[in-house]
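Following the hints, position chain B against chain A.
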Amino acid sequence: MKFAGQISLQPTPSDVTRLNAWLDRTFVESRIEKSLAADLKLCLNEIVANLISYGLKDRAGPFISIDINLQPGCAKATVRDNGAYFDIREWPLPKDRDLMSGEPGGFGVALIRERASRIDYAREGEFNRLDIACEG
Amino acid sequence: MRLDQVGLPGGILKVKLSGPLDIAGAGQVDAPFSAISSNNDKVIIDFKDVTFLASIGIRLLVKAARNIAKRNGRLVVFSPTDDARKVLRSTGIDSIVLVVADEAAAIATCG
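One line per chain: the protein sequences are A and B, in this order. The first sequence maps to residues 1 to 136 in full-length UniProt numbering. The second sequence maps to residues 1 to 111 in full-length UniProt numbering.
Just chain A, with the same shape it has in the complex (with noise of 0.2 Å):
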């Protein structure tokens, strides 16, 4: 089954809650795949998370919009924003880190690299414009 929605956010905590809320029907009924709802849930979590602490952290009239669209092995979304200009696919990761020490920071890009099979990112004005995939 086919499935695309839309949902606009504010950068808080319990926008995050009702993004989590609304992923979790979307995914019961589109029956998509578990393994790729939670790949894009935890992608998506980490988005949001990274707008709110940096991105768009004291910006006045913050902006998020996430189109989703599932279809059966794939499950793409569309993140756009008008916060700091952020390619994600050019923050480099932590290597051979000591966890015992230093910043724990870090693991939120690691993630959604990680799951997603797929990213694409332009800026578009004052907005960015993220593109991901996960795939099965």
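Be aware that one or more of the hints could be misleading.
Here are the simulated distance ranges between beta carbons [said to hold, decoys possible]:
no., chain 1, residue 1, chain 2, residue 2, range
1, A, Tyr54, B, Ala31, 17 to 25 Å
2, B, Lys70, A, Ile7, 38 to 46 Å
3, A, Thr12, B, Ile96, 24 to 32 Å
4, A, Arg59, B, Ala31, 22 to 30 Å
5, A, Arg59, B, Asp102, 40 to 48 Å
6, A, Arg118, B, Ala101, 30 to 38 Å
Just so you know, the hints here were simulated from the structure itself, not pulled from any lab data. The beta carbon of each residue, even a glycine, is placed where N, CA and C say it ideally should be.
This is chain B only, laid out in the frame that chain A set:
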């Protein structure tokens, strides 16, 4: 997200987390979890009812593990779902936080 705790014999504290450990859930348990890791040397965490785990939850565990390790203590996670286990493994956190199958194994590891 809900956090319940109970003391066990041998100075072990069992912490049960229930609900999604996303940015909202992590915010709800950050302060009590930090206090627990500052005041207890042997902590086992029941992950059975953690319905979703994001990287913010990993940060929480890393901070707690560091806190406890300063006193040569031990932090053990048990009974994670398959999805949570996958996140624990792929972030490499299982190198500093032991992840075991069940409560008995967690107690044995801590004892």
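Checklist entry - Does the structure break any of the earlier hints, and which numbers would those be? => result none
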